[in-house]
Amino acid sequence: MGQTKWSEPKVSEDFIRILEPSGVAKGEVPNVAPEELLKWYRSIVRTRAYEDMTIRMQRRGELSVTAQSRGEEAIGVGAMAALQAGDLVYPSYRQFSGHLYWNAPLARAMAGLFGAAPETIVAHLPIDEVDLPKVQFMPYGVILASQVTHAVGSAMADQLQGSTAVTMTFTGEGSTSEGDFHDALNFAGVFKAPCVIIVVNNGWSISVPASRQTGSATFAEKASAYGLPGARVDGNDVLAVYQTVSEAVARARSGEGSTLVECVTYRVVDHNTSDSSEVYRDDEQAAYWRTLDPLDRFTAYLEGQGILTDETKQQEADEAKAFVEAAAELARSVPRSTPETMFEHHLQGEPSWAERVQRAELQAELEGRNPFLADHQPGEGS
Amino acid sequence: MSNTVTTREEMNLITAINSGLRQEMARDPAVIMYGYDIGPIGGVFRVTEGLYDEFGPQRVIDTPLSENGVLGTAVGMAVRGLRPVVEMQFMGFFYNSFGQFVCSVANMYERTGGLCAVPMTIRMTFGGGIKPLLFHSESTETFLAHTPAVRVVCPSSPYQAKGMMAASIRSDDPVVFLEHTKQYRARREPVPTEEYLLSLDKAEIIKPGKDVTVIAWGGMVEQAQLALKNVDADVELIDLRSLAPLDVETILTSVKKTGRCVVVHEARRTLGPGAEISALVHENLLEWLLAPVQRVTAFDVNFPDNQTEDFYLPDAQRIQYGIEKVMNYRY
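Taken in sequence, the protein lines are chains F and H. Every number in the numbering used here is 434 more than the matching position in the first sequence, counting from 1. Every number in the numbering used here is 77 more than the matching position in the second sequence, counting from 1.
A portion of the hints provided could be inaccurate.
To be verified - Pulled a few chain F residues facing chain H out of the computed Cβ check, cut under 10 Å:
{"id": "1", "residue": "Val556"}
{"id": "2", "residue": "His558"}
{"id": "3", "residue": "Pro560"}
{"id": "4", "residue": "Gly575"}
{"id": "5", "residue": "Ala585"}
{"id": "6", "residue": "Gly783"}
Said to hold, decoys possible - Here are the simulated distance ranges between beta carbons:
{"id": "7", "chain 1": "H", "residue 1": "Asp311", "chain 2": "F", "residue 2": "Ala557", "range": "48 to 56 Å"}
{"id": "8", "chain 1": "H", "residue 1": "Gly133", "chain 2": "F", "residue 2": "Glu462", "range": "40 to 48 Å"}
{"id": "9", "chain 1": "F", "residue 1": "Arg770", "chain 2": "H", "residue 2": "Gly158", "range": "32 to 40 Å"}
If you are wondering where the hints come from, they were derived from the structure by calculation, not from laboratory data. For glycine and all other residues, C-beta sits at the position ideal for the given N, C-alpha and C.
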């Protein structure tokens, strides 16, 4: 282990904020019904219960690797609450509160974490069409920022076909260094794509700090080079995220084009279960940002508004526990994917000679036979 | 196909592809042309000529100059129901979009368990012989065909090109459509003016023969045709047409009959498509072979400068040497 750690300046809090860290709202508060606010709260509580459980499962060896969004949960739900049925999301990997807000099937997500193939999951955890989320979630971008380019193209297609759907995408501040991010914003600006591009600035790309990603003062200001408006918002303030993103969504839906929203937060946990952040950073800023925790802040606000009581808090916590445990049980009920599943959904139509031969080879191995003893003749596959 | 009512026009590779594109755009409003220099200019080789006038800027979309931006946004377009026909001006420019190609174009359908297909046709010019600038003569189809879950096709004639273009656009798979720059205006032939579809995964036996199988595609088909006039052997010439998936049945059936095989490609030798074809033949037909498979290829160097490229590219003479080698081989 190296001896030297990064020394990082305090992140600027010059951003849009509605909820003070104490939970007191200042200025104009978005007009949201109490039941809807409670749904946001529930989405965050359940996300945290889910991720705490997956961490325990990872430590027990049930999962190989998993990441938490702890401390960043206001962004997923605050942003996606601004969407409506028929919209699309091209996420990154720490917006799970938004997925839960739209009732994404948690058991299916967990089965995916277990490493099951999507074909197996869908076959064993069927969902009626009417119960599917009303926004369409695309897979999260593993090749970072590639999903931002997809999102812009997706939005362009909707625009060309006369749809009023809005596309939302998320990417990390580190991913703004990828060429895809530039390409996406450039196309978004030129074609006025109905897209909302959210940069989740959590300060760290595994071990590399945000200051190493850009010479710009903020990530929001990158928007101006592409002819887009940019906004910088307190990512730990669910009201401010919702308010800012709602304006961006409205702009997109009315044909005015894309908006870049930088949500400033802090990765108070390790990058994922394979990471040890003490190797490269001190805990000083993480400790500070824990005092800005989005759930604590929102809880205090809801209590102050009389929307949440000790009783309903306990009830939500109990329901969250039952909810994630039920999902885990369902996920565990998904059988292991059969090896042949790997061949599924590559090319459509009649399988090629190579596919037939390789499927037969795998089958022979599964039966304990030497796969190479078959004499493949022209016109044969197995 | 019935020829009785077919009207035909003389077309070269460019006009045949253009005819296929126009026909598919007229048939299906989801088909759009997408790339740079494809609108009013009609493509630097004029393949999309006239389409902008006919279908307008919503269907023939000139983009910012970014291959990665073009291909990445095309993925999102395909997800949302369009069928983009992407133009990559040159194979060497396509490299800038390789990440999107491998990680998104080739992966989305499988990753989503079949929920999100990305039907798109990626047109690109390839091949040498016109003596342009660096990276305008690439023949690195291995990079494409090594990637699973994409089709890679390479028509060598105007007739093939029109029918395969229509089939590519209608395919729900991503299809890379290779257009050989030197073949663009090399020859004309009668091509049906009506629509027709050709298979995307079948090789074509251009000329049957019994002594030696010669396998080529793109610009090398013409060179092989020249070569077989000068050899004392009855050559079976196969135009591969599809590089992914390979039509292994046609290859093995032919070589089993002839006992000899020569693979010709402009691609460099090491891990070029010939390596795969040679391995397939040796693995499956060793006891039928009268000679080892001979690869006739370019050399393992960067594409050379204009004055030396003719010595790099395989030609009829080099193919003739390859055929003579296998014909005269004795164990």
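Now the hints, each set against the structure:
no.: 1; hint: Val556; in the structure: holds (6 Å)
no.: 2; hint: His558; in the structure: violated (12 Å)
no.: 3; hint: Pro560; in the structure: violated (13 Å)
no.: 4; hint: Gly575; in the structure: holds (9 Å)
no.: 5; hint: Ala585; in the structure: holds (6 Å)
no.: 6; hint: Gly783; in the structure: holds (8 Å)
no.: 7; hint: H:Asp311 with F:Ala557: 48 to 56 Å; in the structure: holds (53 Å)
no.: 8; hint: H:Gly133 with F:Glu462: 40 to 48 Å; in the structure: holds (44 Å)
no.: 9; hint: F:Arg770 with H:Gly158: 32 to 40 Å; in the structure: holds (34 Å)
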